[in-house]
Amino acid sequence: MTLRFERNRREFLRAAGGLAAVAALPVSLAACGGSSGGGGGKTLRLVGVADQQKALDELTKLYTQAKFSTSYAPTDQVQTSLRTQLGAGNAPDVHVVYPGNGSAMSMAQIAQAGLLADLSGQSWTQSIPANFKSAFQLQGKTFIYSAGSSVIGAIYNKKVFADAKVEPPKTWSELLQVCDKLKKAGKIPIALGAQTPWVTQLISYALVPSTVYAKNPQFDSQMQAGSTSFAQSGWRDAFNMYLQLQQRGFFNDNPNGTTYEQQTSMVATGKAAMAVQVSAVLPDFRKAATNADDLAMFPFPGADTAANVWIPAGVVVGLGVSARSRNADAAKAFIEFLGRPENINRWAEAVACVPLKRDANSKIDPVLNPFLPFIDDNKAVPFMDQAWPNAEVQPTHFAVVQELLGGKTTVDKALAKMDETYRKKS
Amino acid sequence: MTLTSRRPAGTATARPAARARRAGFLTPPWWFVAPALLVYAAIVLYPSVSGIVYAFTDWSGIGDKSFNGLANFQHLLSDDQARSALLHTLLLTVTIVIVQNGVGLLLALGVNARIKSRTVLRVVFFAPVVVSPVMIAFLWKYVYNPDPKAGINGILGMLGLSDLRQDWLGNPSLVVWSIAGMVVWQYAGYSMVIFLAGLEGIPAELREAAMIDGAGRFQQFRYVTWPLLAPSLTINVMLSTIGGLKLFDQVYAATGGGPGYSSETLSTVLYKQAFVFGKYGYSTAIALVLALFVAAVSLVQIYYLRGREVGV
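As you go down the protein sequences, you meet chains A and B in turn.
One gets our numbering by counting positions in the first sequence from 1 and adding 2 to each.
One gets our numbering by counting positions in the second sequence from 1 and adding 1472 to each.
None of these hints come from the bench; they were simulated from the model.
Computed from a predicted structure; not experimentally measured.
Worth double-checking, as some hints may not be accurate.
[Stated by the list, open to error] Below are the DSSO-like pairs computed for lysine-lysine, each with C-alpha atoms no more than 30 Å apart in a straight line:
#1 A:K334 / A:K69
#2 B:K1621 / A:K273
#3 A:K161 / B:K1621
#4 B:K1537 / A:K185
[To be verified] Pairwise CB distance ranges, derived in the manner of DEER restraints:
#5 A:K143 / B:I1774: 57 to 65 Å
#6 B:G1535 / A:N363: 36 to 44 Å
#7 A:S83 / B:G1632: 26 to 34 Å
#8 B:V1566 / A:Q226: 39 to 47 Å
#9 B:V1566 / A:R425: 32 to 40 Å
#10 B:P1507 / A:D367: 57 to 65 Å
#11 A:D378 / B:W1657: 49 to 57 Å
#12 A:T77 / B:S1589: 41 to 49 Å
#13 A:D379 / B:S1550: 45 to 53 Å
#14 B:W1657 / A:S122: 51 to 59 Å
#15 B:L1628 / A:D378: 49 to 57 Å
#16 A:S83 / B:S1645: 29 to 37 Å
#17 B:R1694 / A:P76: 20 to 28 Å
Beta carbons are placed, not taken as given, at the ideal position from N, Cα and C, and that holds for glycine.
Work out the full structure: start from the sequences and follow the hints.
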């Protein structure tokens, strides 16, 4: 009796183990999408990121030459699933592409593999500003459509600034003084949600245009040639300035344990005065605020002279046409439609970015006005990762900033790690 | 009363004729399993085995691949990030195996007692197991909120233990232990259920006999319950070891491997190598090594743990 009982029990336990293994299978990806487009013609399969949905919902409805089967998902899911489709040879006709280089789904990485159709002949490509060409082009050919650029700067709470009787600073030393006053007024001067990896990069990116590119506009090409390094450049100053903000107590406590959502809430509710962020997330901050008009932006100054302050302005995530698409001509025609000035304006308005080429009909979010003179004066540089040669440098940057904030590394070691990763073969 | 080692001499051959008769009558023909095997081979075995080839290539996930011999495995040996991920994985696994099974055993002993609310308690303790690990990680991000008034820090403050407040997920020295706590919280109920199945299979007369022989509660547990729980322990230790070694969801959702690299596990590294860096060849090599490592550890565990299982 006992022997049989033991056998049964063991079998049950084995079965339980088997069930557990099945239950541990990965969860499926979540995405949303649908069909749209009122016109006839072919049905184009389009995969985008969630940030593009608002613009594309509007524009696919306006386009009458094709129907669309659309799907949108967050960035990391798109990177996973879309790259797999590209590898398997069944990519959608039109799909999201990240400008420049530096990520697994970036224009340069996919175009090098021959998977993007050449868009060079389209008329809108003539309006690509000279300093943004590297984000759109590889070896002189254009492979990505994008409607414009977003900027990185400080999103600040005007009410908190007014209560502390401070104005947006124009120089680094003014910024330190403003932060001091805000701190004395009982507010967190700068909210930092560094637990969310991509947030870690924004303060470096806000400072580096002034500490690196204002002094040496050729920095990217020198890096590619191997004649300079992060360690030998103004990146060192940027990291030291970043840490100076922490050492002076200008960040919230425990930035490495604070998320992007908490950072957003701190500024939106007035607990913190500002956060260094990309303009594309303004809608999130506005949603979290009691009064959306309390929020505005200013260029985060990385130099002690206002004339030497430069800003980061990165080309926003765009679209490419699959080189292996059976509907490549129809897909290119849709991109040509997106490139019309009125449609560039529509897209730019939907994602709160600065359109590729401004005209009388461009509706630019008024909070971005302080950044426009920098763009017009060529004092704007693309986001740094868009010029990095492989997809590892950016995550390394995230990691070393978290380590710097956590006191686990030094500026020397952080820069050495970034240099080592930069030199890796892509 | 004696507890003998499993499969005592003679047991295996005691009733061969009866077993053969029963087997002939009760065992279904082997081809009954063929459809399931075919599906398993098509969607699990074939992709897994064919994927091994990529471990010896430099494939980026798109475009052509070329064979690079053992270069990926050589790189793995010299990769600081992979080495530190291995260390974190082992730390997490050992902690989870010990604490999860310890807590699971205590819970099982507790809800096996004749208390009124035991059914409700069983459901309550098991409930976290049925929630997605990703959801659990998101919930625990709130529990681990570094704000002094939120989550665990808030409770510590209310208890007058403000000095113990921590940046649970942001402190590089603490993050691995915080993740282990989250995993134990979720899966202790699972270990409990397996121990409970073991406990309910122990005949009451054995404990009664031990009690009559003068054994106290601890001695009953030590000399009767614990040896007879050996099969449950084998399953629990093996499942929690495998779960610990391939830990991904909770880590990725809670910290993404950070801050810095301080909570990277082998699974998060292999995910990033493939899907973030586009190094599918190297990622497959890590996956292959991880699979072989899990298999080796599991076999060693089975060998030792089965050896201590006893029959009645």
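Cβ distance range 32 to 40 Å for V1566 (chain B) and R425 (chain A), holds or violated
Given range 32 to 40 Å: holds, Cβ gap about 36 Å.
Given the range 41 to 49 Å, decide if the beta-carbon distance of T77 (chain A) to S1589 (chain B) lies inside it.
46 Å, holds
Quick check: does the Cβ-Cβ distance between R1694 (chain B) and P76 (chain A) fall within 20 to 28 Å?
53 Å, violated
Against the range 49 to 57 Å, how does the distance between the Cβ atoms of D378 (chain A) and W1657 (chain B) compare: consistent or not?
55 Å, holds
Quick one: are D379 (chain A) and S1550 (chain B) within 45 to 53 Å, going by C-beta?
Holds, at about 47 Å.
Holds or violated: K334 (chain A) and K69 (chain A), Cα atoms, limit 30 Å.
14 Å, holds
Outcome for the supplied range 26 to 34 Å, where the beta carbon pair is S83 (chain A) and G1632 (chain B)
Violated: the Cβ-Cβ distance is about 50 Å, outside 26 to 34 Å.
Beta-carbon spacing of G1535 (chain B) to N363 (chain A) - inside the hinted bounds 36 to 44 Å or not:
41 Å, holds
Hint says 39 to 47 Å; check whether the CB-CB distance for V1566 (chain B) and Q226 (chain A) agrees.
45 Å, holds
I1774 (chain B) and K143 (chain A) - C-beta distance against the hinted 57 to 65 Å
Holds, since K143 (chain A) and I1774 (chain B) (Cβ atoms, about 58 Å apart) stay within the stated range.
Hint check: K161 (chain A) vs K1621 (chain B), CA-CA at most 30 Å. Holds or violated?
25 Å, holds
Okay, W1657 (chain B) versus S122 (chain A) on CB: inside 51 to 59 Å?
56 Å, holds
Checked against the numbered hints above, the structure breaks hints 4, 7 and 17 and satisfies the rest.
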